[in-house]
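Chemist: What follows is the residue order along each chain.
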Amino acid sequence: MLTMSHLQKVYRTHLIETSALRDFSIHVREGEFVAVTGPSGSGKTTFLNIAGLLEEFTGGEYQLDGIDVHGLDDNARSRLRNEKIGFIFQGFNLIPDLNLFDNVDVPLRYRGYNAAERKRRIEEVLGRVGLASRMKHYPSELSGGQQQRVAIARALAGTPRLLLADEPTGNLDSLMARGVLELLEEINTQGTTIVMVTHDPELAARAHRNVHVIDGQVTDFDGEPSLRESPREAGIGERESPRAEAAPLHS
Amino acid sequence: MEIRPILSALMRSKVSMILIGLQVALTLAIVCNALFIISERLERMHRPSGMNETDTFWFVSTGFGQGFDVRGTMQADLALLRSLPGVADATTVISVPMSEGGWSTGISLQPNQNNSTAETAMYMVDAHGVSTYGAKLVAGRDFRAEEVTFNTMDDPPKAATVIVTRALAERLFPDGDALGKQVYYNNEGPTSTIVGIVERLQTPWTSADFVDNSTFVPAYLPYATSSRYLVRAEPGRRDEVMGAVEEKLLAANPSRIIGKMKTIAQVRAEGYAGDRAMAIILGAVIFALLAITALGIVGMASFWVAQRTRQIGTRRALGATRGDILRYFQTENFIITTLGLVAGGILTYGLSLWLMRSYQVPRLPWHYVPVGFLCLWALGQLAVLGPALRASRVPPAVATRTV
Ligand SMILES: Nc1ncnc2c1ncn2[C@@H]1O[C@H](COP(=O)(O)OP(=O)(O)O)[C@@H](O)[C@H]1O
Ligand SMILES: [Mg+2]
Chain Y
1 MLTMSHLQKV
11 YRTHLIETSA
21 LRDFSIHVRE
31 GEFVAVTGPS
41 GSGKTTFLNI
51 AGLLEEFTGG
61 EYQLDGIDVH
71 GLDDNARSRL
81 RNEKIGFIFQ
91 GFNLIPDLNL
101 FDNVDVPLRY
111 RGYNAAERKR
121 RIEEVLGRVG
131 LASRMKHYPS
141 ELSGGQQQRV
151 AIARALAGTP
161 RLLLADEPTG
171 NLDSLMARGV
181 LELLEEINTQ
191 GTTIVMVTHD
201 PELAARAHRN
211 VHVIDGQVTD
221 FDGEPSLRES
231 PREAGIGERE
241 SPRAEAAPLH
251 S
Chain W
1 MEIRPILSAL
11 MRSKVSMILI
21 GLQVALTLAI
31 VCNALFIISE
41 RLERMHRPSG
51 MNETDTFWFV
61 STGFGQGFDV
71 RGTMQADLAL
81 LRSLPGVADA
91 TTVISVPMSE
101 GGWSTGISLQ
111 PNQNNSTAET
121 AMYMVDAHGV
131 STYGAKLVAG
141 RDFRAEEVTF
151 NTMDDPPKAA
161 TVIVTRALAE
171 RLFPDGDALG
181 KQVYYNNEGP
191 TSTIVGIVER
201 LQTPWTSADF
211 VDNSTFVPAY
221 LPYATSSRYL
231 VRAEPGRRDE
241 VMGAVEEKLL
251 AANPSRIIGK
261 MKTIAQVRAE
271 GYAGDRAMAI
281 ILGAVIFALL
291 AITALGIVGM
301 ASFWVAQRTR
311 QIGTRRALGA
321 TRGDILRYFQ
331 TENFIITTLG
341 LVAGGILTYG
351 LSLWLMRSYQ
361 VPRLPWHYVP
371 VGFLCLWALG
381 QLAVLGPALR
391 ASRVPPAVAT
401 RTV
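Residue numbers (my numbering), protein chains in the order written: chain Y, 1 to 251; chain W, 1 to 403.
No wet-lab data here; the hints were simulated from the structure.
Since this is a predicted model, take the numbers as computed values, not measurements.
For each residue, glycine too, the CB sits at the ideal point set by N, CA and C.
Do not take every clue at face value.
Stated by the list, open to error - Sample of chain W residues facing chain Y (criterion: CB under 7 Å; computed from the structure):
id, residue
1, 5
2, 9
3, 12
4, 16
5, 240
6, 244
7, 311
8, 317
9, 318
10, 319
11, 320
12, 321
13, 396
14, 400
Unchecked claim - Here are a few chain Y residues that face chain W, going by a calculated C-beta distance under 10 Å:
id, residue
15, 77
16, 85
17, 87
18, 93
19, 105
Full structure from sequences and hints, please.
Modeler: Next up, the structure:
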């Protein structure tokens, strides 16, 4: 689903260069639920942004769903984002001036679906996150947990293959966080691949696999036995293994 | 296009929308009406006076001393003027078109009519009048020297024969048979016979509603010891002649003052100075309004782009292309401008109605409003382009990087 090998990301400002990712290799399989952990500033968001084609990388290779994304122009990247990826943000990023219906509608309009198809999808996903009855409400009228559910519905509306979440529970209390996580797990069960950055070890523990990022490198991951069978993907999995041995599982 | 969601989002920030919309509405109303007034003024300013304006000038001669012979001086002056090199013709006058001062009277077709049939300006000239003004005789004949009477303010001309402008002739005799007809310049008579018709000669008053009704009367009519002369030079020699005239006249008769010579071109400039000033002021108002509206749109759009940076990043993350973002702000501007224009259309006609009632401005031709729509749409799109382009360049990573 997502393969990065020896990826590099250097931020250049006129004074300093920051190496946000160095020799970063990861392989996320179809249907996986991967939690990405690591200290603040280690490059988790950078990884997610590159994975979601929000930012370009400065070296290495990245294949998204079999497509080499290097050198794609801005429009092609936008289209790929729209079709294959759903984003969930720490701050929900709902558009405050649009009601829930119109918020979920945003990516569908960029997709070019007709009105009937959009309506069908919006009602379906809002139903899935349990907010069908609140369609005409505005984000400010909802709790944080509900807002994040809307954001998840918006991310799901275009039936993406990959869901990227940057600390989706970071702004929620633990009860709401658990609810959101359960929703993500359910979505994952239904076949959507999820990569989630989180600070919370308890939530991370519930993912299939944990990837630990330190200083722009993957230094830790726990096994992915259930998905090891695929021979094509095994090679990359093994490339990650030596690094995994260098550090203990999250302590 | 995503008009509905943009509109419903706009409804949540009504105040700014209403402010910009109102500005657009006022701009449309004022610009349309101001442009119309300017065009009216320009049209007025470009009306032909019917006389030669390029080679002519006029001036006053005022005699002093007891027993100044104004009658003799006039005859001598005219003979002298006509003999000067470069002079095509000269006449005594009391006024010229656009000078804003002169004589007017009512004309009747019957004696002791209650209301006169037409109003006319009176131009007292000698037998060289039609030629010196450069008016074009289109029917009948010019005055004969023996028809010119000598009159004073206490003994006004009887005007046994007159030459009228075609506009006046048609006003008096719509059937087109004015030549040879008798009319009454004084209610009790005597009658005046129309012996000639000139194509055109405006009254001295540019805003008179009978501006094309003029009458030539064959008479010398000094004002006390003052007499006025109109001189037409040969083409291209006006300034040369103007330079020579004063000296020659004073040499011939030093017991008088020659007033300032004024070209008819100058008379026109002064006659229409108010119109020109009005056109310039309104032009400046239009320019300022358009600039303020454009700047208002630029400012508001820039503010909105800055305020919505994160939203723009989120939209990009959700799959919007740069073009989608650009179009979003262009559409938003189009919606606001259109709402403003619709209100402005009504306001425009309201303002027009008020100008008609209060200032006798004619009705605004309907096409000003659609043309105004197009111009303000274009202005809005132009103004929003910069901020919209800036918005389209907001990097998608803003979605995850800003909190
Ligand atoms: N736009 C940027 N310009 C320069 N440096 C950046 C930029 N974005 C991130 N960084 C740097 O890259 C590193 C990784 O950042 P990030 O991926 O946001 O970390 P995390 O999400 O793990 O906290 C940090 O040192 C951060 O300061
Ligand atoms: Mg981060």
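Chemist: Does each hint fit the structure? Answer for all of them.
Modeler: Checked hints:
no. : hint : verdict
1   : 5    : 5 Å, holds
2   : 9    : 4 Å, holds
3   : 12   : 4 Å, holds
4   : 16   : 12 Å, violated
5   : 240  : 73 Å, violated
6   : 244  : 78 Å, violated
7   : 311  : 5 Å, holds
8   : 317  : 5 Å, holds
9   : 318  : 4 Å, holds
10  : 319  : 2 Å, holds
11  : 320  : 5 Å, holds
12  : 321  : 4 Å, holds
13  : 396  : 4 Å, holds
14  : 400  : 5 Å, holds
15  : 77   : 8 Å, holds
16  : 85   : 8 Å, holds
17  : 87   : 5 Å, holds
18  : 93   : 4 Å, holds
19  : 105  : 7 Å, holds
Consistency with the previously given hints fails for numbers 4, 5 and 6, ordered from lowest to highest.
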